[in-house]
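According to the numbering used here, the sequence shown is numbered sequentially starting from 41.
Everything labelled a hint here was simulated from the structure, so no lab data went into it.
Label pairs and their calculated CB-CB ranges:
1. R64 <-> N111: 40 to 46 Å
2. F63 <-> S93: 21 to 27 Å
3. L106 <-> D69: 19 to 25 Å
In this text, a Cβ means the ideal position worked out from N, Cα and C, and glycines have one as well.
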Amino acid sequence: ACATALLLARGARGLAGPVRDRFRERLDDVVRRRRGDLVVVVEDCTDPANAASVARICDAFAVPDLYFVRNRTPPRFDPN
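Just need the whole structure built from these sequences, with the hints factored in.
So, in structure tokens, the structure goes:
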């Protein structure tokens, strides 16, 4: 979260005064609304485009933790 905020803040340096101020206010608002109690876990996502979409959505909704896990073991089914 802090690295993203720092990166975006660095990108705002070249903007004009009022635009830069609105950008910083919006950035501060997003950081302030981050949810510390929410974790998103994506299992076996093999398509990079889908992974990127999930990451963008999590960023838009200020989700602080996103994990991609891989489980190549097929699920076991035991009817008994």
